[in-house]
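Could you put together the complete structure from these sequences and hints?
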Amino acid sequence: MPLNNTTILPSDSPEEAEQLFKSLIDEKDVVCVIVFGNDSVAQTAIKNADVRAALSPAGFKRRAVWMQSTGLWDNVKSYLKNGAVKVNSIDPANLIAIGVSLSDKVEMEMPTSKTPDFIAMEFAFVTSSKQ
Amino acid sequence: MRKILLPLLLVLGLGAQTYAQTDSTASNSSNVKDLITVKERDTNNKVHTVDKPFFVDINSTLTIEIDTTVLLYEMADAIGAQTYPTELLEIINEVLRKQQDILTAVQTSGDRKTRLKALDEFRGRMEPILLYLYSNQDKLSSSSLYKEANKAFSDSTQGYGLFFSTLNSEYKKITDEYKSKVNASSAYFQLGGWLNTSDGEEQFHIPGFDSLAQGAIVSIPKFTTSVPPAEKDAFNEARNLADSINANMDSFLTTIKTGVDTQISDVESKVKIIIDGAYTTMESDIRSLASNLESKFTGPVSTLKQDLNDFKTDVVKFVNDVKALQLSTNDLVTLAEDANTLYQKGKEIENMGDSIWNIFKVEVESLPSVATQLKTDLTNSIQSVKTQLTALGQPYLEEVQKLMSMLGENRVADLKETAVNFSSSTFELSYAKVPSHTEIDLRRIGADREPGDQIYFRAVVRRDSTSGAFEKSLFWRKYTMFHMGLNNSIRASIVFLDKVNGDFSNTSSQFQLAPSYSAIFKIGTRHGKFYNQYLTPGLGVNVATMDFDNNNNPEIGIGVTAAFFHDYVQIGYGMNMNTNDNYWMFGLRLPLFGWATSAVQGTPTVTPPLGN
Chain Z
1 MPLNNTTILP SDSPEEAEQL FKSLIDEKDV VCVIVFGNDS VAQTAIKNAD VRAALSPAGF
61 KRRAVWMQST GLWDNVKSYL KNGAVKVNSI DPANLIAIGV SLSDKVEMEM PTSKTPDFIA
121 MEFAFVTSSK Q
Chain P
1 MRKILLPLLL VLGLGAQTYA QTDSTASNSS NVKDLITVKE RDTNNKVHTV DKPFFVDINS
61 TLTIEIDTTV LLYEMADAIG AQTYPTELLE IINEVLRKQQ DILTAVQTSG DRKTRLKALD
121 EFRGRMEPIL LYLYSNQDKL SSSSLYKEAN KAFSDSTQGY GLFFSTLNSE YKKITDEYKS
181 KVNASSAYFQ LGGWLNTSDG EEQFHIPGFD SLAQGAIVSI PKFTTSVPPA EKDAFNEARN
241 LADSINANMD SFLTTIKTGV DTQISDVESK VKIIIDGAYT TMESDIRSLA SNLESKFTGP
301 VSTLKQDLND FKTDVVKFVN DVKALQLSTN DLVTLAEDAN TLYQKGKEIE NMGDSIWNIF
361 KVEVESLPSV ATQLKTDLTN SIQSVKTQLT ALGQPYLEEV QKLMSMLGEN RVADLKETAV
421 NFSSSTFELS YAKVPSHTEI DLRRIGADRE PGDQIYFRAV VRRDSTSGAF EKSLFWRKYT
481 MFHMGLNNSI RASIVFLDKV NGDFSNTSSQ FQLAPSYSAI FKIGTRHGKF YNQYLTPGLG
541 VNVATMDFDN NNNPEIGIGV TAAFFHDYVQ IGYGMNMNTN DNYWMFGLRL PLFGWATSAV
601 QGTPTVTPPL GN
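Protein chains in written order, with the working numbering: chain Z, 1 to 131; chain P, 1 to 612.
Bear in mind the hints are in silico, worked out from the structure with no lab data behind them. Watch out, some of these pointers could steer you wrong.
Which residues of chain Z face chain P? A partial, calculated answer using Cβ under 8 Å [what the hints assert, rightly or not]:
#1 Arg52
#2 Ala54
#3 Leu55
#4 Ala58
#5 Gly59
#6 Asp117
#7 Phe118
#8 Phe123
#9 Ser129
#10 Lys130
#11 Gln131
The C-beta atom is built at its ideal place from N, Cα and C for all residues, glycine as well.
So this is what it looks like as structure tokens:
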């Protein structure tokens, strides 16, 4: 599946994944949705997030990030800040995705009990569309 | 000043038992949010949205706006035709109304600050609908609305346009279906308005909703220039009362002081009985528990003590016996027997110790339940004290409530929705025929209305068919009418006068009572329930008749006064125009606590009528 608006973090190279994630976070004024895992739910989630990431309301870019290996989380979580969701409370094993604001704060988490359809992924982007 | 405060407080305390007023059961609830919006157009044609505490000008015109969309949801719900939650439909309605703003925000360009503002607006408008759909995903995902919205989001090439057009067509489909079902049903809508005064309630005409007769226009003047008849009567009452009390001041004060002392002493003794009773019960509970525990240990411990003493004696004897041992066969047998006896006694003591330990163990194990029982007993005792004290305080609480009711001039008893019925002249409107707005000129709803009177609006949806008949309340709210802005009143009151310099002639009394009139100016507001309904501060002029010389020749005093609590309490400063004496004054509006009707009888009146 073509993912034009998605950054895939390499699972086999934690250092490279961390650098890539850092550069994404350092990029100014981007709203991100990070999808965890590589099962069928995660694949649906990233496909749908990629579609919704094509939009840029008020000129603010969106980006879908795919963290296929949740083991990377410990390497990258220090780049994120507490928002509506506390970074240390996040367990990627129990989540489909999280939404990250323009100022790198985690504003939304999507539990595995949800279906990551287009509405859900749009909600993740919209609710994280803040400074 | 202090000389005046004392009798005032005494009177408030004593009189509180004689005043009675209708029970108040306020109801200010609306069953459906935003179904009806009331706006008020004042006498200057300025429009105000009527909000809590729902105060309106007594001479204004009310515009009633009915949200026919909300009405549709409610009627669909009432007939069981609703397929989506009302909350969702309201959210969709709102987002569709704001879709242009959202699309504009999405396309905003320019500097970062401008775009951030637009992004905030976009999120603020879009979040409610997305949050609702996301949160209720499990219930809604199989619905047409959800499926179509999700499908619209699968195509990002059209921005948000496709989402809104889908939402619009789905919403139209739903409301068209509702309309069709509601119009096909025999359910109908009724709206009524009632004027509630001290004479009771009466339904008034609402254009478009009933065929009741429209009343003539009667404005209630904001400014009073003549003394109302009721105040003239009150002045005469005040005059009689003042003369009577002035002539019997000593006995009046003694009566009040005795009355208050008796009340305090009575309450004191009742509280003492309650507390003493509770203390005795609690003490008895604790003593009983301690005594019970003690009795279980007393016997065994006493036996053990005795056994230990015996054992000690036996051991001493045994030791002496050993010391005096002659080592004969008999002695050895005796020694062995003694040793065995000591061993047996030692075993008995051990058993006794075990037995006491077991009792102790059982008691310790049962301590939680004993403690629970004790707690229950003590809680019951404390509850009993609370109940008795509450019962003791109830009559006083009721008096305080009556006082608050009186100070709020709550002379009109609140209506309950169940107590009002639509007259047969009220239209039974099908959904399609419900007007979206109407106007009511409050000047036409009743010629005898007064500030403080209430109006109520009630809306229902009904079906009368033999099968599936129902009535659903949609709206019930009270509005209280006052004069807004500057207005005045003329009040008769009895005033306690205290000369600033010197004493009154020919009397040892520290103050004098006098009848008076006050013209008081106030500013009514639509906000602040306590200010408008209770405190009601005002400033004005007071004219009193007095007799500082005590020579039966009345004098006139003029002063300024501040009034509170619907003029029931006044404080002011004035001058006796005949003697040039200045005075402080406290005024009480009559009738207060039944004062005017229980005036001391038999004393000749010396004060001439004023203002008659």
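Against the structure, the hints:
1. Arg52: 6 Å, holds
2. Ala54: Alanine 54 of chain Z check passes; min Cβ-Cβ to chain P is 4 Å, inside 8 Å.
3. Leu55: Holds: closest Cβ of chain P sits about 6 Å from leucine 55 of chain Z, inside 8 Å.
4. Ala58: Since the shortest Cβ distance to chain P is 4 Å, the answer is holds.
5. Gly59: 5 Å, holds
6. Asp117: This interface hint holds because 5 Å falls under the 8 Å limit.
7. Phe118: Holds, about 4 Å.
8. Phe123: Phenylalanine 123 of chain Z check passes; min Cβ-Cβ to chain P is 4 Å, inside 8 Å.
9. Ser129: 5 Å, holds
10. Lys130: 6 Å, holds
11. Gln131: Interface hint status for glutamine 131 of chain Z: holds (6 Å vs cutoff 8 Å).
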